[in-house]
Amino acid sequence: MTASRPLPTLLVIPTGIGCELGGYAGDGLPAARLLAAASGCLITHPNVMNAASLYWSDRRIHYVEGWALDRFAAGELALAPRASQRVGVLLDAGIEPELVLRHRQVIDACRASLGIPIGPVLTSELPLGVSLQKGASGSSWGTIARPDVLLRAGEQLVAAGATAIAVVARFPEDPESEALAAYRAGSGVDALAGAEAVISHLLVRHLGIPCAHAPALLPLPLDPALDPRAAAEELGHTFLPCVLVGLSRAPDLVPLVDSLMRGTAPLLHAAQLGAVVAPAGALGGAAVLACAERGIPLISVANPCLLEVNAEALGLVAIPASSYAEAAGLVLALREGIDPAALTRPLAGPA
Amino acid sequence: MSAAALRLQPVTLQFRRAPGPLLAQIEAALAPHGQPLRWAITAVEPGLAGSCPLLTLEAVVLA
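Sequence order for the protein chains is W and H.
The opening residue of the first sequence carries number 1 in the working numbering; numbering runs sequentially from there.
The opening residue of the second sequence carries number 1 in the working numbering; numbering runs sequentially from there.
Next comes chain W alone, as it looks inside the complex:
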């Protein structure tokens, strides 16, 4: 018996909407690992993979920032896997010297202990001015005061040889806030996620290379009741290790016109996607809708969150899954050419 060919699968767990699984500190990673094993090829975004000091590197998983993921799903970008990226690091000028040193030591550690090519490291000319907001739905949004400073620093890193960029921005401290307490207790929304997405989206859109973000924050007081899903963010002094590891093997982003001219380079295209997996109540994002409109099988997983934007409300056809374990079984069925409808009783009506 030979193994089936990989079934490229897109996993989306939107950031900042309080997903019960995947809405915390990289707690979507076990689901991603399982889906990678089932599909043989998983494309997903940093929110799923980043667990601060913890990370998991798997050649079958392609780490693609959210803005690029949307363009990939829309068929505007292809992905070109590569052995390694040279990760430039952009440090926000708003970070205090001691916290800068912590981040520089992470960079040193990832070079020395993991062998990741990193550099140059640059400090922005001015503080980026991150602010956090909530949308009407309760979702995490946010912005930065100086997008121009961010983009100029990104341009300098590329000019100096970086092929991917990790950004570390100083985020506002609010250790006494109710939102943070709820998040640490496992019942809240990641308040940082919206602004993080804006930062990485801006850079990827402008530079066309892999980028991801880690917030710089002071350590929180010990919380003996800390929810395990949030614990990865309280192990160390920074959130940077997972970003450096993820970016170090992120695929190149190839505009569709260029990808047609790449010749022999192995590229991943949206046309190769065999499934998209997303929370059942969060189907109203660009990547999921683009896939659905292209007729790619949509697996909607029960994963409670703030939103109730489900397949029925949007008029989408979806295959429901009660868990990510069931979703992985459905992906495997699709990979093996088994009709998922044949796996339940009563058997659905005639095709």
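Keep in mind the hints are simulated off the structure, nothing from the lab.
A few of these clues could be false.
[Unchecked claim] Label-pair restraints from in silico Cβ distances:
1) W:Arg5 <-> H:Pro53: 37 to 43 Å
2) W:Val257 <-> H:Gln35: 16 to 22 Å
3) W:Gly295 <-> H:Pro46: 24 to 30 Å
4) W:Gln133 <-> H:Pro53: 25 to 31 Å
5) W:Ala145 <-> H:Gly50: 44 to 50 Å
6) H:Ala49 <-> W:Pro224: 32 to 38 Å
Positions of the beta carbon are idealized from the N, C-alpha and C atoms, including for glycine.
Use these hints to put chain H onto chain W, whose structure you have.
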């Protein structure tokens, strides 16, 4: 748009969905506000008496 001129603008808007593909409708709804950087449908109110649903979009655009 040059980097110096960039301004990030949060936007919340509602529009009634028309029959047909949704992505193009969303892009058209956001276009008057700027270039979308990040958006999501965050609520859907069912339409009354067979009319199309009302969608709420939350977005950040480059204005």
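**Asked** Is the distance from the Cβ of glutamine 133 (chain W) to the Cβ of proline 53 (chain H) consistent with 25 to 31 Å?
**Response** 26 Å, holds
**Prompt:** Holds or violated: 32 to 38 Å for the Cβ distance of alanine 49 (chain H) and proline 224 (chain W)?
**Reply:** 55 Å, violated
**Item:** arginine 5 (chain W) versus proline 53 (chain H) beta-carbon gap, inside 37 to 43 Å or not
**Value:** The hint (37 to 43 Å, Cβ to Cβ) holds, given that arginine 5 (chain W) and proline 53 (chain H) are roughly 39 Å apart.
**Message:** Quick check on a hinted range of 24 to 30 Å for glycine 295 (chain W) and proline 46 (chain H), using CB atoms only.
**Reply:** 25 Å, holds
**Request:** For the range 16 to 22 Å, tell me whether the beta carbons of valine 257 (chain W) and glutamine 35 (chain H) fit it or not.
**Result:** Holds: the Cβ-Cβ distance is about 20 Å, inside 16 to 22 Å.
**Asked** If you check the beta carbons of alanine 145 (chain W) and glycine 50 (chain H), does the distance land in 44 to 50 Å?
**Response** Since the Cβ atoms of alanine 145 (chain W) and glycine 50 (chain H) sit about 47 Å apart, the hinted range of 44 to 50 Å holds.
Checked against the numbered hints given earlier, the structure breaks only hint 6 and satisfies all the rest.
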